[in-house]
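Chemist: Based on the provided sequences and hints, a complete structural model is requested.
Listed in order, the protein sequences are those of chains A, B and C. Note that our numbering has the first sequence beginning at 15, numbered continuously upward. Note that our numbering has the second sequence beginning at 685, numbered continuously upward. Note that our numbering has the third sequence beginning at 1149, numbered continuously upward.
Keep in mind that the hints were calculated from the coordinates and are not lab data. Idealized CB from N, CA, C, for every residue including glycine. Take the hints with a grain of salt, since some may be wrong.
For each label pair, taking beta carbons as the anchor points, the in silico distance ranges come out as [to be verified]:
{"id": "1", "chain 1": "C", "residue 1": "G1454", "chain 2": "A", "residue 2": "Q435", "range": "29 to 37 Å"}
{"id": "2", "chain 1": "B", "residue 1": "A703", "chain 2": "C", "residue 2": "S1237", "range": "18 to 26 Å"}
{"id": "3", "chain 1": "C", "residue 1": "V1297", "chain 2": "B", "residue 2": "R771", "range": "37 to 45 Å"}
{"id": "4", "chain 1": "A", "residue 1": "A99", "chain 2": "B", "residue 2": "Q702", "range": "40 to 48 Å"}
{"id": "5", "chain 1": "B", "residue 1": "G742", "chain 2": "A", "residue 2": "T38", "range": "50 to 58 Å"}
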Amino acid sequence: MSATPSTSPPAVELRGISKRFGRTLALDGASFTVQRGQIAALLGENGAGKTTLMQVLAGVQFADQGELWLDGVAIELTSPRQAIARGIGMVHQHFQLVPTLTVAENILLGTDWPRFWLGPRPLHDEIATLGQRLKLPVDPAARVAALSVGEQQRVELLKALWRGARVLILDEPTAVLGPLELTPFFEALRALAAAGTALVLITHKLAEVMAAADVVTVLRRGRTVASDVSTRSVDADQLSRLILGGDDASAPSPAAVTSAAAVVGVDRPPAAGVVRAPAPALLRLTGVSALGQRGEVALAGVDLEVRCGEIVGVAGVSGNGQRELAQVIVGLQPSTAGGIVLGNRDLTRLSVRERLALGLGYIPEDRLGHGIAPSLSVRHNLALGLFRQQRPPWLVPWSALAQRGTDLVAAHDVRLQSLEQAAGELSGGNVQKLILAREIDARPRLLVAAQPTRGLDLGATRAVHDRLRQLTASGCGVLLVSEDLDEVLALAQRVVVLFKGRVAGTLERAVASAESIGRLMLGQP
Amino acid sequence: MRSPVRIVPRHAIGRGQQAGIAAAAVCLALLLGGLFLLLAGVDPLAAYAAIGRAAFWGGAYALSDTAVKATPLILCGLGCALAFRMRLWNVGAEGQLLLGAWAATGVASFWLPATLPRPLLLTAMALAAVVVGAGYAALAGWLKARLNVNEILSTLMLVYVASHFNNFWIFGPWSQSGFPLSPQFAPSAQLWRLSDAAAAVPALSGITLHAGFALALLAAAAVWWLLRSTRLGFAIDVLGDNAACGRSVGIDVGRTTVLVLALSGACAGLAGMVEVSGVVLRLQERFSPGYGFTAIIVAWLARLNPALVVVVALLFGGLLVGSREVQPAGIAMLLQGTLLLVVVGSEFFARYRAQWRGWSAHG
Amino acid sequence: MAEGGALAFVVNLLAAGVASGTPLLIVTLGEVIAERGGVLNLGLEGLMLVGAMSGVLVALPTGSASLGLLAAFTAAALLATAHAVVCVSLRADQVVSGLSLGFVGIGLASMLGAPLVGAQAQLDRFAVRPVPFFSELPVLGPVLFAHNVLTYGALLAAPLCWLLLQRTRIGLHLRAVGENPEAADGLGVNVTVYRYAAVCLGGGLAGVGGAALSLALTPGYVDGMTAGMGFVALGLTIFARWNPLAAVPGALLFGAIRRLPLDVQGLDVGWLANPSSGYFFNMLPYLFVIGVLVVGNLRRQQRGLGAPAALGRSFVRGERR
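Modeler: Quick look at the structure:
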């Protein structure tokens, strides 16, 4: 069933788009449509090709094949600038803002007016007025680096709207918003749609689609499996089957996959049903404070505890101290106050190596930036555990390590061409499996996992989650820092909520709901 | 209208293709160098021929001279390669070389009696040069590790400081009868040369190849082993690829920085000792035609590989020998710089290839 | 020493510092522009020497220092284009590209400048032109208003550079290119053109700085006459936090320190009179640069401001990971 046909041509129509990146076929004859004044959702799991398809529309990528129609006219886009000129604006998942420039400077970047001379307050009044009118208030003189993530998103939206965007593409816009910020955000979108803008929401979150969008298009593995389906005529189960491929034997059925449980918005407590006596405390933080990158207070008096064999999830909207928390525990940045104790050892004065040697494991949030040496081989990367040993050897036992590496790769199902392949060539999921393999091989007592499944597809996510559960079965504790509330709800036995660097609340998973956690995430009791 | 050519990253590149690109780069560099020579009013073909003759195919003397010039290049090149592998830009190897020469001169002529047996005195000189060179570079390393002072600038500034420092001694306390030279080294402070055995083997007369060359080859082997088999070598590779990752797995970046720069300076300091003890036989102004700077180019062209450093150093040593025959000064540095620039630019063609898309406006 | 003598000494030193710091100021302004665009140029030393050489090369036969200046700018800008090609278009490492360009410049200047050494007698140079009335002022007069036109130009250029960077569209785009070229590119700013322009302008100014040495300060061409000034400019860029206005006091201070050995040896005070002390004074400018970097980093660690975020990184559009 498709939406009521309108007499005017669709705002945007993409037909038969194919795109290849090297050996990967990202899009295979995909198509997409959205009408003027409509909010269309583009749905699919990670890696389905949603962002790529929209990047073609936004002029960022060139399609190998296919057609692009704008208001019924076939067009060709050769650069983002052309797309902007035609009224197509895209707000990317990772903001494209220049942090050291002001809001006004960011908005005016690349425009034609004023032509030469800007002056100290270029078009500040006009920008402020536009922001007010569109329910996206901003301070034009503020430096972007000082803004919160939500405010930065408003700047990104204004950037597109300032240029007269009539088609607005939003890539995972709610990833940076807490559950209760969604409502005002969608209100602003509704207002834009009412004014005639065509809106495209790229997302993998089913609940939001049902709440906000008029129509849905589903992509799977680069193909359109459902097009222009009205959200009133379909339910969550049907959509999730379309996303995952219910008729595909190799794909897991929705009910068995834990992430899918979250996808359809059902709360489920984690699988460990046995009630145990409280295990001994493994990691204890008392009053830990730390500074952020810009010298601001990132953590203020954080208390938390992880016991043996349990997963503690740290939830919160991005930017509330999660990154600093992980780094302080591992020792990558110093704390300004408070104590960190692992077992019976005080970690606060120890180096990273010493902490790792005592049994700490670390899955960094930026897996490519901090987790691997991308140009070195997989074999080298698996051997990195060498450096944390109490008395590391002067000579590297390469042959023994090579054998160990082969075993690890097999045990953790890391898909690669050879051990000598550069680690950076592996897909995101396999890189994460590599890092997990390395860390788990060091037999940690406590694993700090920061955003472990960010950007991974369903299969890889499931593999990571299984690994984490296996770890706890053997007595290891896991501190899971994740901005994906669904993941925290699926895995953790206890949930600690961070808000503005403080612990807003600690809840037992069995008694917590998404709403209660969501309120804490926004600082409301 | 789109550009008809699209740049696409290559997946893999064969050895043959790589060699082809490198060869093309060398040819282009020689061509450009020839153009510069023409600009200076010199016949490029004659100049290249003269360089080749003096450096390589002029008999035993040419080869010996080339190896002699290559010796400090090998040592400094090894030092640079070690540091560059960790993305530590030790461009001040020249300064470490100068101070190493100073320390060796001090031991040879002033601080230890010349009556010591030759092996002992030479060892002491080498040790002094290594320690001073290492310490000088470690200073820059410490500044980088603790205060994040850019090592390019600190090591470079220290070159000028070292130069003036040496001049103070050469023109002042160590000056021999008012001339800007230190007294000539006693025979016990001079490195063994092949020509020392001329009495027994007349063919060796005039061959100035000295023990420093063997030392340089040994150092190359040592560095190769260090990089391949030791934990430090592994750490260097990791930090050079992704320092953040290294930190996350427990490598002490600060300590490794100081250590690697110290090793780098040790090699350069040794080069200084080898030059004054094997060639110049005293400390004087400008005894080095910029070995420490040339070594930067050597290390980079050798792709930071110790074995290739030896090869490239020999080639450049030949260039230095040969360019004595060619009139305009600066030709050596010009050719070396051009070669490096062209080679560095040519790596683009190894990483990307051009795809012809055709001129049609429609994709 | 008499009271008036002390003041006169300081004023003299400052005035000489302004004159002596002019070449450094010009080069630094150029590098600030280039680095704001995200491109590091380590070949400034070679570019300065090429500029110094070209200035004399053209000024001698034509008898015009102004033409020499133009030649210096052009030659250095052309040479800097090679650096732009290699590190912007061919995406090579900026450090290595800059260093090798520096070697090319040093060698080229040495090669083509050899016949020029010693020819300063017939050289037309930039003479000191005191500004009427202003140069009569006490203290400020001789320090700021009794110089050649290059110094006046440099002192005016600093605030003009600041205005260009902070208040014009070109400056805005350049800054964006140096901080986040991906974002700028996405908005239609041509990163390649801006980087090329910044590198060529920066290189040209380095050449002008070299000519300021050979056509005014020294004057004449001598092999290696810059004595590391091109590298000092890099340090000054960092110290000035990439702000053209802040480069002025740094450059003047450095100029004064450079002059110190000459002025101080005139004083007959104890150890200072010993000719050997000259060597240690000669070290001062270089130690000063290191000191400046240390102090700058100590301050920055407290405040968290830094280099243009994309400095040293090649920009590649849409390379997928």
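Chemist: Can you tell me whether the CB distance of A703(B) to S1237(C) sits inside 18 to 26 Å?
Modeler: Since A703(B) and S1237(C) have Cβ atoms about 24 Å apart, the given range 18 to 26 Å holds.
Chemist: Is 50 to 58 Å right for how far apart the beta carbons of G742(B) and T38(A) are?
Modeler: The hint (50 to 58 Å, Cβ to Cβ) holds, given that G742(B) and T38(A) are roughly 57 Å apart.
Chemist: A range of 40 to 48 Å was offered for this pair. Does it hold for the Cβ distance of A99(A) and Q702(B)?
Modeler: holds (42 Å)
Chemist: Note whether the CB distance of V1297(C) and R771(B) lies within 37 to 45 Å or breaks it.
Modeler: Because 43 Å falls inside the window, the suggested range holds.
Chemist: State, for the Cβ atoms of G1454(C) and Q435(A), whether the hinted interval 29 to 37 Å holds or is violated.
Modeler: holds (35 Å)
Hint compliance for this structure: every hint is met.
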